[in-house]
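**Q** What follows is the residue order along each chain.
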Amino acid sequence: MYINITRKKGSSDMKKKMAAITAVVLAVSMALSGCAGSQKKKSSTSKTEKAQKESGTVELTLWGGAEEDQALLAEIVDSFKKEYADQADFDITIEAESEASCKDALLGDVLNGADVFAFADDQLLSLAAAGALVPVDNADEVKSANLEEAVAAASVNDTLYAYPMTADNGYLMYYDKSVFSDADVASLDQMLNVAAAANKKVVMDWSSGWYLYSFFGNTGLNLSLNDDGISMSCDWNSTEGNIKGVDIAQAMLAIAANPGFANMVDADFVEGAKNGTVAAGISGAWDVSTLKEAWGDNFGAVKLPTYTCAGQQVQMASFKGYKMVGVNAYSKHTDWALKLADWITNEQNQKLRFEEREQGPCNNNEAASDEVKNSPAIQALTAQSEYAVLQRVGNNYWNPISELGSTLAAGNPDGTDLQKLMDNTVKAITASVGQ
Amino acid sequence: MKNKKHASIKMYIMIPVLILGIVSIISNAMAIMNIRNVNANASNIADNYMTGISDLGVIQQQTQELHNKALSHIIATNADTMISIMDGIKTEETELEENLAKYKEEMSEAEKQTYEELMTNYQGLKDAMANVAAYSANGNSEAAYACANGDLAAYGDAMQKNIDTLIETANKGAASARSQLASVYNSALVSNSITIIISVVAILAAIFSVNKLIIKPISIAQREISQIISDIDRREGDLTKRVTVYSDDEIAALGKGINVFMEKLQHIFQMITNNSQKMDVVVNEVMDSVRTSNNSVSDLSALTEELAATMEEVSANAAVINTNAGEVRDEVNEIADKTSKINDYSIQMKEHAESMENTARTNMESTSVKVNEILSVLNQAIEESNSVNQVNSLTDDILNIASQTNLLALNASIEAARAGEAGKGFAVVADEISQLADASREAANNIQQINGIVTSAVHNLANHANDLVSYMNESILPEFESFVTAGSEYKDNATYIETVMAEFNTKTDALKSAVSEIAKSIDSITTAIDEGVTGVTGAAENTQVLVGDMDSITGHMDENQQIAGALKQETEVFVKL
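Chains as they are written, first to last, in the working numbering: chain A, 526 to 960; chain B, 1458 to 2034.
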């Protein structure tokens, strides 16, 4: 009661007091909240650092490429650990996962997939669409350090989704100089004849659409990805024009029937080169080192030859592409994963990759170096690039074309009508997706 | 005694008022407490339970949207759409996680377990969405649908259930808070009823005492005052009347105050009546003076206007004089120019005279020299011609010689004749010599004749020459001298003219400057007159203003007179003062 009376009495004083108290309360609360905020921030940053240090390990899984690349990757990972030894301890697991199959492996179980993974440029769109990639955090730096085309291949709608790693994804003709002359390697017919005479083989993997594209690319027929980025257009069964679908099928049958030809996958090719049964073959830049070992001084690399189709000599086409390293959006340590991806693809490690694996760098400085320019494989790829296109195909491309290749390699054992064979292939390639 | 009475009226009024005040303070304080209670309960309901429920609603909605987006990813037919859906999902996830974190801060202990379950299920939903997107982007629609219908749907449902449970908990909390609110309301109802009863009693007491002690005495005084005022209204005002005073309290003091006021008013009105009469007299006097001044000022104004007009005329005349003076100055200037030219010409003339004199003098001198030269040459020639006389003497000599020779020849011939034959030859020679002597004599005689002619000719010549010289000395040289004299006189005349003209020139210069000064003086006179005109015009205007002012003074004095009249009339309201 007493308090109430005094309140009533000195209402104007009270107002002043109230204002003062309010001001003080506000000031104190603001100061407290400000302090609390900044403390929170501090504690949160120190917390993450501390947590990493305390746990002692940043666990990361890396899919860096095929078996042949594992030694190189181990070396790169070691230097990475040393570089950041003062900031964290690492437990980095390197698993062999081909760049070609990375997308399927990762999107098959994205939550348990690698934190950092290497893949070919054709997989970028799907990986981005799945939301599986963390955009590159130091994009400007990376963009200026690497070839414009390689950066473009790693970007979707101007967002850089992966670190460009190599600019040599493509294939070329390797040959044994003791068997073939420089003139022989200009045409596939001549190579097959020479090889047959020497009782050796010219080989190619006809189970892969990657290589089989070479027969179709320069015939005037069309294969393209539709605007949806998934489905495809294709007229490889065309019955009109200079070269028809069946002409290519017949040409391939003729090649398959030649005793100088053998259909085999890359690994068998390398094996055959080592044991002397294979004198030439089409493969990618990743096999340079092993083939050099096999043939020694007789190692040769050249752009793809011409082949006979509908009575004409047609230059074999090829896919070209770029390899890059991405970071899993569901990684528990995206910050460290980004650092590792950046490390794997930096100038120093692109140089190391070229030195150890002869893979063509996409770093501006490295790509312009004399060592790179003088490499026979790089020279062959450069010559072939005129007939090469970026690999932009949908999921439905691979299986039908692989089946076609296998059927033709086996000499069309069921005697299927070739036009029908081509029709079926095209129908499967152009089928709508996902429904 | 006085103090006691004062205290009593204060007591009668202040005690009920004080009671009313205290009651109202108490009731207000209680109301504040009750409102605070109500507010606390209501805030609790609104802040915790209602906000919580609405937050949960948002969380539920966001979860549903995430679910929908995951499904639309499967349906999407191109990569760009998928990328934008994934971007949307990531934004939505961030927002949802912020909302969940916010909810965690405000939730009660009872909700904790359900919340943990909700978070676990949310993680499951996120993983399921990641898988759905991965399958979908890889073209594996079947797996995507399977996952969407399986894990995604299951976690979505589980989250829904968790959210429902949380909402139910919140509703329960809200219900208990509401019942608390109701009990607060009831207690407030009781306490407010009590304060109302106390207030009614206090109000009745206050009305009684106020009526008895204040309102009655005041209304009596008011009636008396009204009587006085209505008298005044009827113009029968009586300032000797007074209000009746009954008691000796604050009201009585008020009545006494009014009486004192009446007395003072009476006094003041007496003074006003006297003064307004005096003022009337004064005003009348002032009015008369003003009227007189007004007439004078009007005359003055007319005079200054006339003066101004005259001054303007003078100014015009001065301007004419000024123009004329300018013309005179121009003419004087012209005369000065001419004079100067004549002066120059006289100098030239003098020079001519000098040169003429010099020429005459030179001619005279050279002529004189020439004459003297001729004279001396002539005299010399005459002198020399005297030698011709010698020829005479010489021919005399020759004649002598010839006669002697003749004698000789004669002698010889005689001698020859004496000598006979031997002298015969000699006789011939002597003959020849005799003949020669004859011839010489003859020649000499001829010479003497011619010489006489020459001598006379020379003498003639000398005489003529002397005549010529004397002619020159006597006739021509004096002519020349008169030329010189004429030239000299001519020069003197020219010099005189020059001197006179120079003087004239000086005089015209002086005249020129005098005329200029006259022009200047006239100018300054004109300016002075113009200024005078302006001044007089200003004076006229000012006089005009003065006339206006006098008029307004007259007007104001009229007003004063009216006011004094009105004042007098007003005081007449009171019959008695």
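It is worth saying that the hints were derived from the structure and are not from the lab.
One should not assume that every hint holds.
Distance windows between CB atoms, simulated [unchecked claim]:
| id | chain 1 | residue 1 | chain 2 | residue 2 | range |
| --- | --- | --- | --- | --- | --- |
| 1 | A | Leu915 | B | Ala1558 | 42 to 50 Å |
| 2 | B | Ala1558 | A | Asn637 | 24 to 32 Å |
| 3 | B | Asp1614 | A | Ser623 | 36 to 44 Å |
Idealized CB from N, CA, C, for every residue including glycine.
**Q** A separate judgement is required for each hint: does it hold in the structure or not?
**A** A quick look at each hint next to the structure:
1. About 44 Å separates the C-beta atoms of A/Leu915 and B/Ala1558, a value consistent with the hinted range of 42 to 50 Å.
2. At roughly 27 Å, the beta carbons of B/Ala1558 and A/Asn637 sit within the given window of 24 to 32 Å.
3. Roughly 40 Å separates the CB atoms of B/Asp1614 and A/Ser623, a value that falls within the hinted 36 to 44 Å.
When each numbered hint is compared with the structure, no violation occurs for any of them.
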